[in-house]
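J.: Assemble chain B onto chain A, guided by the hints.
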Amino acid sequence: MRTKIIIALCMLSGAVNAAQSDFSWHGYVSQGITQSQGSSFITDNGAVTAELTEIGLNGYYRLAENISIAGQVNYLDGGNRFEQGTRLDYFFIDWKIPELAFGWKAQVHIGRYKNRHWLYSVTRDVPQTRYTSVLPQSVYFDGFRDVALGSNGIQTSFSHFSTNNIWEVNWSYGRSAINDSQRDFLLGNEARGKIKQEFVHQASVFWQPSSMKWKLGASWLNSDFTYSPAQQDNRLAGNSNVERIMLTAQYFAENWEISSELLRETQDNEGLFAPNFARKTRGEGGFVQVRYIFNSEFSGLIGYDTYVSDESDPDGKKLEAMSGGTIPAYFGYQDTVTLGARWDITPKWRLQGEYHWVEGATRVVSLLNNNVASHADKRWEMWSLQLMYKF
Amino acid sequence: MNKPALRWLATGFEYATFLKVLLLLAALAFCVPKANASDLNVMVNESVMLSALNRTELRQIFTGHRQYWSDGTKITVFVLQDNDELHKQFCREVLQMFPYQLSRLWDQITYSGQGVTPIRVSSYEELVEALEGTKGAIGYVGSDEIVKLRRVEVSES
Chain A
153 MRTKIIIALC MLSGAVNAAQ SDFSWHGYVS QGITQSQGSS FITDNGAVTA ELTEIGLNGY
213 YRLAENISIA GQVNYLDGGN RFEQGTRLDY FFIDWKIPEL AFGWKAQVHI GRYKNRHWLY
273 SVTRDVPQTR YTSVLPQSVY FDGFRDVALG SNGIQTSFSH FSTNNIWEVN WSYGRSAIND
333 SQRDFLLGNE ARGKIKQEFV HQASVFWQPS SMKWKLGASW LNSDFTYSPA QQDNRLAGNS
393 NVERIMLTAQ YFAENWEISS ELLRETQDNE GLFAPNFARK TRGEGGFVQV RYIFNSEFSG
453 LIGYDTYVSD ESDPDGKKLE AMSGGTIPAY FGYQDTVTLG ARWDITPKWR LQGEYHWVEG
513 ATRVVSLLNN NVASHADKRW EMWSLQLMYK F
Chain B
3 MNKPALRWLA TGFEYATFLK VLLLLAALAF CVPKANASDL NVMVNESVML SALNRTELRQ
63 IFTGHRQYWS DGTKITVFVL QDNDELHKQF CREVLQMFPY QLSRLWDQIT YSGQGVTPIR
123 VSSYEELVEA LEGTKGAIGY VGSDEIVKLR RVEVSES
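Taken in sequence, the protein lines are chains A and B. Under the working numbering, the first residue of the first sequence carries the number 153, and numbering increases by one thereafter. Under the working numbering, the first residue of the second sequence carries the number 3, and numbering increases by one thereafter.
Since the hints were derived computationally from the structure, they do not count as laboratory data. Note that the Cβ used here is the ideal one computed from N, Cα and C, for glycine as well. It cannot be assumed that every hint is accurate.
[Unchecked claim] To give an idea of the chain B side of the interface with chain A (calculated C-beta under 7 Å), a few residues:
no., residue
1, L60
2, Q62
3, Q83
4, D109
5, T112
6, Y113
7, G115
8, S125
If we strip away everything but chain A, and leave its shape as in the complex, we get (with noise of 0.2 Å):
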């Protein structure tokens, strides 16, 4: 499968740039091989494999001077982090409204529209618009992507430029289907029935001066959940409330770039457990990376990445003891060091590898599966080279 979706978009890839009517289509091929070791993060028992793959192919067509519709598929392979398959990764009625109030601007997209509420979420599953294959899990955690990265419903951008500053302000309000892959992160994997996402509530706004070399941000996430156990099941019914909230920063110099984004993120549960559950964690962590330009060809990056499942138990001590010692301490928190190269071989072909040193697992598996303890050990690396494509 994945190879013929590799030769078929090699194939049209010729016939691509050419577009230059109201029609447009571009796409991206990405091949890698990768490895989890002393984690199940992303490979078993620390096999080196070539479970990195991302395929994309998206069109834009111009119906009239401020209406188009977009859509893109792709195909994503990341071993253990999320489910393997082929996807709807966006498809909406994109307008735009040029001229509003005292120089705004906006646009709406209606449909299955993307997250443009942080730093890469609008093209997380674009390798080359990403600065490592696997980004940092306190904001980006994997297990949870496909709900992050977009929904089903509408989002509006409104934008100001003035001769100083460039102002953005963005709202969004949708639902999206949840896997059972997802289920499993959040109910463990003896959940049987289903997840419901009841909506997503999202806002942003952002600065940027009139050059871009600044962007500052604060961002906003409302969402609540509903559970329906299956009839042979040990969940209970039950639901889930989850608030975010994001402080995103980023500077561009001409030979160096530095981006962070600070989460603090409030999950209430009730039922689900027992008939009378209810429990409110606040977890926090955020990331920094900084990437040097030596050339037009060759950067290199490193990056810190720290955050803590439950604020109130930064050594996850307490999670220790209350599961009675079956889930280690290390469990509670997840700290990642990066280093990073990239090589842009030609304008469209990149190479780019990364290594990561962990300490710590609460990003690897839900807390709630059996036997947590048995998917990692409390240190821990991954790494990964990716060979992309883009047209």
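T.: Then chain B, alone, in the frame of chain A:
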């Protein structure tokens, strides 16, 4: 004055010659930046009836935030590759951005369905040809001697 090189300087160079060399160097110093400044010009296809754009308008056009001229004609942006010196000069001097910033923005727009990005051409000749042959086109050239294009003055605001 006993060292050979200094003696050569003292005897071989007359004052007048030295002055001429100084004047020549000064003239070159003044000429070089002017030559660079006039080497880069923002140009539009002859169908586009405007003679000036400010930096904010240019940034909107080159970052995909403005897609039509005021008469309703579609804007088609042509640029050279990121590693081309003329493209780097345009990014720095006109947009006051770095080429990799623009490149990332265009990738985000292209792969998230937000709009249409500039068309990258692989040679200077191709760029000029595309600008001359595409209604509503905008780009840049390294000389203002091309008669089939309209030069656009860039103002601060």
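J.: Now look at each hint and say whether the structure bears it out.
T.: Status of each hint after checking the structure:
For L60 (chain B), the suggested interface contact is broken, since its CB lies about 10 Å from the closest CB of chain A, more than 7 Å. The beta carbon of Q62 (chain B) comes within 5 Å of a beta carbon in chain A, closer than 7 Å, and the hint placing it at the interface holds. The criterion of a C-beta within 7 Å of any C-beta in chain A is met by Q83 (chain B), whose closest approach is roughly 5 Å, and the hint holds. The restraint placing D109 (chain B) at the interface with chain A holds, with a minimum CB-CB distance near 5 Å, inside the 7 Å limit.
Interface restraint check for T112 (chain B): the shortest CB-CB distance to chain A comes to about 5 Å, inside 7 Å, so the restraint holds. Given hint, Y113 (chain B) at the interface with chain A, holds; its Cβ is 4 Å from that chain's nearest Cβ, closer than 7 Å. Nearest Cβ of chain A to the Cβ of G115 (chain B): about 3 Å, under the 7 Å cut. The hint holds. Contact between S125 (chain B) and chain A, as hinted, is not supported at the beta carbon level, the nearest pair being about 13 Å apart and thus beyond 7 Å.
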